[in-house]
Amino acid sequence: MKKLKMQELIFTGVYTAIYFFVVAIVMVVLKLAVPVFDSLLLPAASALFSGIIYLLLLQKVPRFGGISVMGGVFGLLFLITGHFALSFIPSFVCAILADFIQYRWNADEKLRTLVSYTVFSFGLTGPLLPMWFMKNAYVDSLIRRGKDADYINYVFTPITTTGFVVCVVSVIICSIAGIYIGRKLLTKHFQTKR
Amino acid sequence: MRTGLTFDPRTKLCVILFASFSLMVPLSFIYECLFMTILFILFLVIGEWKKGIGYYSVFWLLAGLDYWMYPQGNQVIFGLLSFVLIGSRRLLPTLMSASFAMSGTKISEWIAALQKLRIPFALIVPLTVLFRFFPTLFQDFKNIRKALRFRGIAMSYWEMLLHPLTTMEYIIIPILMSADNTAIDLSATAMVRGLGNAKKHTSIYPLRFKCQDYVLIVVLVLCIGGRLLWPSLS
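Quick mapping for you: the protein sequence lines, in order, are chains B and C.
Oh and the first sequence: position 63 is 62 in numbering that gives the first Met the number 0, straight run, nothing missing.
Oh and the second sequence: position 201 is 200 in numbering that gives the first Met the number 0, straight run, nothing missing.
Just so you know, the hints here were simulated from the structure itself, not pulled from any lab data.
This list has only true hints and no planted wrong ones.
EDC-like cross-link-like pairs, simulated, lysine to aspartate or glutamate; straight-line CA separation at most 16 angstroms: (1) B:K59 - C:D179; (2) B:K183 - C:E168; (3) B:K134 - C:D65; (4) B:K134 - B:D37; (5) B:K187 - C:E168.
Predicted model, so just to flag it, every value in this text is computed and none were measured.
If we strip away everything but chain B, and leave its shape as in the complex, we get (with noise of 0.2 angstroms):
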């Protein structure tokens, strides 16, 4: 494995920063229209806007690495802006996932590009973790208060099923048609340049 270069890096730099914009302003819409819930499709609608991001950078930095920086610096902007620490670590596996799907594995390239991009949106579910602990906190001021327990779990369990097939469904199918958006504006705006 080669060392990426210095403008490689500073185009991985800048393309991160144009997916944390698009990133920002989704969670901002979501945060207004479904609060509370709004991290549970976070990962999903920003895969669908960001594909053309993802294309771009796969094509400025052809190389093993980029994927993982991109994930890696935005696992570290978590940590800066104050999600919860450990969102970190789905950030940065994914991300490093992602690479070696990329580039590691034998197939169809528009096929890899695909399968790429649906584990690295699966990077965003990081600031879900907080809502698992939120409704442990929950259940457990229930608890404190005298309600009974197995009611709770009988109320809960389905909601945290529906919530997590529901976040899987919605990321696998934004991130096919976010690809598929990506690769028209590509063709459409990008290929005039080269």
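Starting from the known structure of chain B, arrange chain C on it as the hints suggest.
Below, chain C alone, put in the same frame as chain B:
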């Protein structure tokens, strides 16, 4: 200039980790108040008392609303509201610690701190670029909005929300186009400043732990230890 103590970025990172810890473990109300009060005192110490009072009153408002809401009834809507209230209350420390960490710390200081923490260079460079790029990004965004308005496209924010894909095409594509040029400019600047040098980089911010840093870290460790030793103090 603001008056008040300043903390080392690494200490601020410790505060962020502490807040994450307070989110992870189940806390009794006493501990929650204690942790929030510590964060509140931190805001007072660095002289940002307005922000501190804001966060602290939001915390008491959420707690009060929850305690008032609870006896109101058993309907689903009250349960959901109560969940939102408790959830936001538990998220408040992480938000507060981030706000504390960002106030009064320059980006260069953060970068210096990350270098001292042995974060790989391949991560620090893009992060630096990213922070340097944000002002340009907002400027670009404003200019693109102006140009769009001139052409009569996507006039209001409401219209932008109604057609998200069109908005994306009209805003992100120009940003990406201009990002190309910016990245080339930035890499020229970086070369001039010797970022490509393989040797150890120096910083104009001397990072040293001062006595307030040690005091704060000891307090945080004591808090975490106290929570682990006496889990259900009430």
